[in-house]
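Trainee: Sequence order for the protein chains is A and Z. Following UniProt numbering, the numbering of the first sequence begins with 1 at its first residue and continues without gaps. Following UniProt numbering, the numbering of the second sequence begins with 1 at its first residue and continues without gaps.
No lab work stands behind these hints, which were simulated from the structure alone. Every value quoted in this text rests on a predicted model; they were computed, and no experiment measured them. Don't be surprised by glycine CBs; every beta carbon is placed ideally from N, CA and C. It is possible that some hints are incorrect.
Unchecked claim - Covered by chain A, per the in silico footprint, the following chain Z stretches (three or more residues, Cβ under 8 Å):
id, region
1, 20–32
2, 89–96
3, 202–213
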Amino acid sequence: MNERVIIDGNEAAADVAYRLTELCSIYPITPSSTMAELADEWASKGRTNVWGQVPTVIEMQSEGGAAGAMHGALQGGALSTTFTASQGLLLMIPNLFRIAGELTSSVFHVAARSLATQGLSIFGDHQDVMAIRQTGVCLLSSASVQEAHDMAAVAHLATLLTRLPVVHFFDGFRTSHELNTVELLTDDQLRELVPRELVLEHRARALSPANPFIRGTAQNPDTYFQSRETANPFYDRTPETMAAAMRRFAEVAGREYSLVEYHGDPNAERVVVVMGSGVEAVIPVVEHLNREQGATGVLFVRLYRPFPTEAFLDALPQSVRRIAVLDRTKEPGAGGEPLFLDVNSALGEAYSSGRRATMPQVVGGRYGLSSKEFTPAMVKAVFAELERPNPRPRFTVGINDDVTHLSLEHDPSFQLPDPDTVGAVFYGLGSDGTVGANKNTIKILGSSGEMYAQGYFVYDSKKSGSRTVSHLRFGPNPIRAPYLVARADFVGCHHWSILERVDVLEFARPGATLLVNSPHPADELWDRLPGPVQERIAELGIDLYCIDASRVARAAGLGSRTNTILQTCFFAISGVLPREEAFERIKDAITKTYARKSAEVVRKNHLAVEQSLAHLHRVPVPSAATGTRAMLAAVPDDAPEFVRTVTATMLEGRGDLLPVSALPVDGTYPSGTTRYEKRNISDIVAVWDPEACIQCGNCSFVCPHSVLRAKYYPQDKLSLAPDGFLSAPLDAAGLPDTSYTLQVYAEDCTGCGLCVEACPVKPIGQPSRRAINLEPVADRSTERRAVEFFEELPLNNRARVDFGTVRGTQFLQPLFEFSGACSGCGETPYLKLLTQLFGDRASVANATGCSSIYGGNLPTTPWATNAEGRGPAWSNSLFEDNAEFGLGLRLAADLHEDLARTRLGELRTEIGDDALVEALLHAPQRHESELQAQAARLKQLLARLEGMEGAKAADLRSVADHLLRRSVWIVGGDGWAYDIGSAGVDHVLASGRDVNVLVLDTEVYSNTGGQASKSTPLGAVAKFAAGGKLTNKKDMAMQAMAYGSVYVARVAMGADPQQTLKAFREAEAYDGPSLIIAYSHCIAHGYDIRKGLDQQYKAVNSGHWPLMRYNPVLRNNGANPFLLDSPRPRLSLADYQGAELRYQVLHTTDPVEAERLAAHAQQQVDRRWAEYEELATRGPEAFAADTRRGEINA
Amino acid sequence: MPDLTTNYLGLQLRNPVVASAGPISQSVTGIRSLADAGVGAVVMYSLFEEQVRRQAEYTAELAMVHEPFAEATAFLPGVHHDPDGITQYLKLLEVAADAVDVPVIASLNGAAPGSWTTMARHLEEAGAAALELNIYFVPGDLTMTGADVERRHLEIVRAVKETVRVPVAVKLSPYFSSVGHFCLALDEVGVDGLVLFNRFLQPDIDVDRLEVRSGVTLSSPNEARLPRTWIAVLRDKVRASLAATSGVADHEDVVKYILAGADVVMSTSALVRHGAAHARGLVDGLDAWLERKDLTLAAARGLLAVPPHTPAAGYERAGYVASLLKAKEVYGSLN
């Protein structure tokens, strides 16, 4: 009997891939990263493949690198595999051609995902795999979690049998992240399936000096063509060989598969052809329709390349008159989507050659892009379309296309739930444990042996306070439903705030149960509910329960952790398991998780389980709504129209309903929309103490969310201030009768506490308090009014603000605000500073990663504008090309500046102000005052150009803004700068052009979940470095310094904000490439992020992160360009590392190795410090000259 | 060359100098360096149960950071999700016990009565040669009587003794109304060794920052007097081994403790100050002293203990009176 487990599609595939390979060359990319992470973990634990060897798992610098290493290993005779998706697969394309061209057995496991086009999407469709269909690889599709496991095995066998590389793919997120019941293949079964002889044959084809040959020649017109044709027999044989592999699999494992699978009426007239998980939405509809009227079927294409024409024709009933081919991809400009074209050509040829008697009408439809839901209702609409007299030749389903009118209408109320399956939906907030508890629930139920279970988890796009919706199904039958639970029997709402904002009964069936975690007592609950929620409850006849889980948790000593309690209530109410049995299983799970760590934690959780029921109340429901309380609006009434209509709809979770016409055609969205989304995600917010405050600006400087803003203003303005508006006399000489306010934007504050940590003030006798503190806030109306008044106060004149001090910067308007970054993010304060200093003339190229997600993920974005409508222009190209992309922005700016200067000179007479033209052309623009003067001149110029006719004037108007020096910023994380974009960064720094590269260095790939980069420190544990990072962190600063023409700074805001400020200003003012490497604390480091600034201080003072600047200007002026800005280390590296789990885990798992690496790390820090000290004492002649300008000097 | 082998808790040590719980034993390298420097045994740093529990809760909190958003379902490899103090300590103990050829004694500082035995069992399984129970109550509870405190100590010792087979020592605070009587009671319940004394770490006040400052200060030789006195009293009065700790700066302090009757002499502060290699000086110094005095270790041990059958109170009092007379000679009359 094979073991039955609950796992997701990624684990299902990786579990086989790992056991049937010798090498995994890996690189992180959502949604495939988990496969690579598991491989790395298994290898670090010494898990072997089925032949008794621990596979080598190696992280590369990009997917291109992973494919290259794989190609080499294959030529070296090793069995090799990799895991990827989306852009990663695209980066492998050159090697796919090579590997296929050389007939090399290998398997690529792909969690298929959308491509970055008008926007990036991490979610699933087939755009990536369709983009490689021309490479010569086999494309093998899996439709479910079990299939991802089984087809992985078939792929590894078939590649050895056919000699063709196999790309095995399944739908990203929908299958890769769905938990479902899977029967695992044993090692014996896999050994039986993949005979050793095949491995030996593969090995025998390897390069070897013992049997030398040359492979990879350059060929000429005489033979390239013929050579390309030599492989035909291999492709011709492959469908049959693949089918044989599937038959062999069935003999070994008992589960039958075929290349093309037909379900339905053998005499069907209407058939849907589909690939991937979508088939599981089609099958129940076909069964339903056939029960009613018959004549429908579905044909599932499992092998897509080589296209199995014969098998396809064999499987398709002769009776078919109409076919709808559904493609989960989009090829703009093509005659149809790829599967549609393949089906057409197969049928056309069969009909014209007489192989088939009739030629069915074939129509093509697109569905499910970017994990758009694909439901039985949509399938029904497709079949209905096939029944129409003239079905649309091309259509879409699942959206409302009101522009080209291609979309089919569908009736969402059509559902085909399995009556024996229970559906449950839970609303939680990211990091509150809801998703974890639900995974646990599924495992509890799925492990019973009698029950099948499925779990799928939907997140919104924020990294802090994000809303999660868990969709769970359980039942006695296998669960094949790759779409959200639409008729939930049970809905759990784990936070009251969610209830006030979204319709939590969206997925509930009539008569379902709703459990609310409510701070209000049961007898007050009904009256506290918003009217629309009451209406829905009454309309659906909901059985309503509530519990104050937060209170029970506190009483049990569990703090804010309510998940055990809510899980217990779910089991108690839903009855999916007998109550006592369920409780015992929950307790067992708790014991297993915590027993070794603390009997106390176990006891508290058990207590919580026991006490939950006493606090669970059933709430009587009146027959109709009685309340008038409205749902909270997503955005205020005074928001711009686009925000009120489009953005608000997305915020309410109803973005699926937006028609095509509502959305921009080219991915262009308005700036600064986060300001309209008052998220109120924290119950504790910063509260300013005006009396204790010394107005230093430190808190505002470090605030990751731009919620602390300062202004000074004439005291008499206070006469109009609302109650609760706080102020203090301005602490500055020469400005009497002036007040100062540090305004907390309480509705946007995430309660991270960095401000409290940054505050240097300790009120006498209150050592635990500061001049800014976190305090609970229930009603934010006072704060809201205060913010409104504060915003009416005039902004302080930039000319009167001292840019050179941290204190001064607090008065500069941030043009990056209220992002969805993690609470306490270590990256965003740097971006905020960038915008305060240079935002109104900045262009930003942002590498894909955390900063592109909190910076550019819809619905709302944080890059904002000032009162004049100016602000940072932001764009994201890709992950790997960001430096080049940013350089392009610079080149365009330089070209247009040049054009502007030329035209300005040419129009000198017409403009009629020689002094103005002269100043515009030649006045310096390095410092703020100079830039302000130029901005003023630019305004004058534009005024003079107004109404001026002629091509040159039009030219000048179009590019005049470039006369104000454009500040180009190239921003990204260490995964980009140290790894995938390293070559580009290097090249751009070497270009000598005036760009500013800002590396937000978290020392891991934070966005994809903490994989090691070349920035990860020695000895730290990260994903892909599960056994501890074995090599030193790359010193990018030293690399960049070697050019002599690059301004370089290493900064850490938490250790020395003044140095950070200085570095940003110098870098921007420097006429050439600049590199700022900014220490960014991150939740991936494993500690309470509130201590982030403290850790920055320790990183610097232990020598891990020495602060430095390298300024080529100094060398040109005859001084030492290398400035060491931090003091000699006064802490040991262990003092810094001790607080972070990333370092501590290795001490747990392998203390000897941990000590060895720690000793090396300390030695490395000492050595580097000595080297830096030596650099700081050299003469200028010891450094490379900036060869772009000047004589050889110093 | 005198024979320095010593029996402590029934363990055969090559000499009576023992590295007591401290920062050096927080790593395998540290433990190895102590063994290389010649100590007779190593007591590992204390496993503070409260700290472990806090750590467990803290990591549980951190674990909730998992699943924060769609792309990142966790931030550390799955195998390592929940490192905690216990696992780390046990792993270190396991590796250290293998790495050195002297006994490694685990030190456990528990808080709640129930968990001592579970922890003790884990430590035994991980390869501890013996356990040292570091029973340390923060004396902030004003309702607990002296009798309660003693009863709790006895309960813990009894429970642990019933749970593990390895020898069990107990490290005591000097703040009992009747230390001697309590030591006899512990001896009665079967404790294998008495470690005298635990240092009561007391916070200080920072007058500039107006803050309470916690912190550890290293001990000074003066602090040896109190434990030495009690060892001298207890010598031959209890079946349990006697271990002296506090104030061992150089080999003379070792000798003094031996003369007072200690089976083993423990040092932490001096090793932290001067490095693990300092232990070599302590052992060699003892060796040289014995040679110079032409004494065996057995003969020296307890040479200046309170003689059997002498009423300890009288002996103490006599010492006290003698001290006062000596002080008058040095400083003149104190009136």
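Trainee: Quick one: which hint numbers does this structure break? Sort them smallest to largest.
Mentor: none
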